[in-house]
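Engineer: In the order they appear, the protein sequences are chains F and D.
Counting along the first sequence from 1, when you hit position 102 you're at 102 in this note's numbering, and nothing is skipped either side.
Every number in this note's numbering is 253 more than the matching position in the second sequence, counting from 1.
No wet-lab data here; the hints were simulated from the structure.
Be a bit skeptical, because a hint or two may be false.
Computed, partial: chain D to chain F, Cβ under 10 Å [claimed, not checked]:
1) Pro256
2) Leu268
3) Ala546
For the chain F half of the interface with chain D, some residues (derived, Cβ under 10 Å), not all of them [unchecked claim]:
4) Phe42
5) Ser65
6) Gly69
7) Gly81
8) Val85
9) Gln90
10) Gln91
11) Val94
12) Leu106
13) Phe107
14) Leu110
15) Glu111
16) Arg112
17) Glu136
18) Asn149
19) Ile152
Don't be surprised by glycine CBs; every beta carbon is placed ideally from N, CA and C.
So you can see what is in the structure, the chains are spelled out below.
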Amino acid sequence: MPPLRMRRAAVGSLPMVSTGLLAADGIVMRFGRRTALRGVSFSAEPGEIVAVIGPNGAGKTTLLSILAGLQTPTEGRVSHGVREVGWVPQQAAVYRKLSVAENLRLFARLERVDDVDATVMRMLAQTGLADRAGDELGALSGGNQQRVNIAIGLLAGPPVLLLDEPSSSLDPRQREVLWAFVSGLARESATTVVFTTHNVGEAERYADRVLVLADGELLFGGTPAELQAAVAGDGADRDFESAFVRFLHERGH
Amino acid sequence: MGPLRFLLVKDLQILRRSPLLLVLLALYAIVIGLPVGYAVSRPPTKPKVAFFNEVPASGNSFSLGGKTLDASKYADRLFDAIDPIRVDSRQAALGKVKDGEAVAALIVPKGVTQALQAAVSLSGSSEKPTLEVYYAADNPLKRNYVEDTINAQVAKANQALGRELTKVAAQYIGVLLKGGGFSLLGQRFDVLGLQRSTAILAEVERTLPARGAKRAEVERVRRFAQLAVDNLDLSDAVLSTISNPIAVDVNTVDGQTSSLDGYAVAAAVTIALMFVGLLVAAGMLALEREEHAFGRLVRGLVGRTALVAEKILLGAIVAAVIAVLLVLLLALFQPVDFGRAPEWLPALVVGALGFGAMGVAIGALTRDVRASSLLAFLLSLPVAALALVPSGSISKTAYDAVQAVGALFPFKPTLQALDAGLNGAGPALGTSLLHLTILIVGYGLLARLGLRRFGART
Ligand SMILES: Nc1ncnc2c1ncn2[C@@H]1O[C@H](COP(=O)(O)OP(=O)(O)O)[C@@H](O)[C@H]1O
Ligand SMILES: [Mg+2]
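Just chain F, with the same shape it has in the complex:
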């Protein structure tokens, strides 16, 4: 697609190769006459945790699925190959009739990891599900299913992990566990994490940087504190959530 290449050359500022660095450039996504994304560009550093927040229908899932290589954007491009990105869909993509270990083993084989058994053992330990290894997924709680879902996304040890609404089906305690786990990943293995959420507090607490998406448009990219500061004058004492709502309101959303 020569026009896209020219576009990219024109932007020219995004280094496209470097492990753990994720970049999206001028992503436009149209479904028929409806435009879900209107030229979204951003990048993330190794070990950085980025939250994508925005109202329902803003295009968060669409953006993530493009980053994951699940959909091809109408325009624009992403830096990574499909295999370098771990993908954790919103709904647990697991086989409920198979056991935890069988799910992990199947996807480890499909990912062509070097030592399937060792990888499965490692993931079981990491997710704390070693004692449930033989249980059918369908018999597990939503939280535990989500753990397996995430574990599958991590099987190939990808430098980038994408999570779509990872906490939406979890109770508060399970959320704690999840975020501790994700923070550990970023810290210890410099994994770049991009997640979507409509729990704004979570974004403030766990993300190094937030991207605000509304109606397919990227309205803001910066730290949570910068977002709060960006809200006009009197907002210094506001909490992050009302600052976010105010921000959207000021931008006409």
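Let chain F serve as the given structure and place chain D with the ligands on it in line with the hints.
Structural biologist: Okay, now just chain D with the ligands, sitting in the frame of chain F:
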């Protein structure tokens, strides 16, 4: 091959963990397959039969007891139960059977009137008047039905002719008994009659000397005449046993036909293949979507084409296993030629792949297992029904349309391949297998396209 194998094993594992579902599926396929196989389409009434009368209109009559009868009147009796397509050559009649417009051809050969004349003039002719019937070889169920119909109608015509014969013979005998006039070959004869002869003989006897040799002889003649008078009264009953003046000569157009039971096995196995192949392939592909695994798989782990191939294979494996079980079960009740396994086994396997491919196309169009099963189920009944419509039961155009539509689904070619493999009947095995191969590729492509369209969202 690697990812395909892993997925196949995974799916078989999932199926194995749903034993109730599997058992129900197998039972269902067998429970539906058996009775439908054996009872498929008692064909509708009044089958179309091509009719050619070789006897010229002028030569249609024969005389019986001085009356001139029209042979075509007896042929017409056949048409109470069949719908005749009148044609003007033997070739055309056979052609109608070959192209499926008529279920059978009925031919009245040239010599039939003379033979009939000979039969009814009680001249002791050896040759029975014979009708020729030709059946299509493609469907023994249908053939069975038409054969019954024609035989029943010929029996009726025979009965009517027999009654006519009896009446005429009785008239002759009445004249012999009571005397009177009758005409033969345009001449009128006046006959004395046995009863009057006896009376005359009694008169003569009385005029002769009581102990003379002449009187004794006349008495013997009178006694004989009296005996004849007494016994010819029974002749009506004797004459009515004259039966079946018309015979039917049965032939088959286009190669061999399998026995009804052999065909039923093929039909039952095809129905089982269809249910299991469609439901498993469609359901298990839809399950990838329902479990949201589809998006994960097509992200570089498994190609969409490999996924389609895997599900076709999966549906085919399960369907073929259940179908083989059904064949073994059927073999308990009737002969199945296991020596022919090198022929029917490939037919069974390729047929299973055909249904697997169609199932995958269904599965690609649906998002969850329930919808896919429902769609597979809804499609399977009309698909089977289409393939089992007997030729000649509907108009030629409608039949051609049904054939054309039926050719788009794997049912008919599978049935034909199995019939060829199991019974050595119908069109060549290779033709049906080729047909199935084309359908497998076609449905595979359709499924692949369906996944491209709907595959983006997981
Ligand atoms: N495959 C699709 N076909 C048509 N419209 C879609 C498709 N995927 C997403 N959309 C539309 O794009 C918009 C963004 O959707 P999505 O990314 O799911 O939003 P979010 O995750 O932020 O709630 C919505 O209006 C949605 O209806
Ligand atoms: Mg979403």
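Engineer: Each of the hints needs a verdict: does it hold here or not?
Structural biologist: Hints and how they fare:
no. : hint   : in the structure
1   : Pro256 : holds (5 Å)
2   : Leu268 : holds (9 Å)
3   : Ala546 : holds (5 Å)
4   : Phe42  : violated (21 Å)
5   : Ser65  : holds (7 Å)
6   : Gly69  : holds (6 Å)
7   : Gly81  : holds (8 Å)
8   : Val85  : holds (8 Å)
9   : Gln90  : holds (8 Å)
10  : Gln91  : holds (5 Å)
11  : Val94  : holds (7 Å)
12  : Leu106 : holds (5 Å)
13  : Phe107 : holds (7 Å)
14  : Leu110 : holds (4 Å)
15  : Glu111 : holds (7 Å)
16  : Arg112 : holds (8 Å)
17  : Glu136 : holds (8 Å)
18  : Asn149 : holds (9 Å)
19  : Ile152 : holds (7 Å)
Violated hint: 4 only; the structure is consistent with all others.
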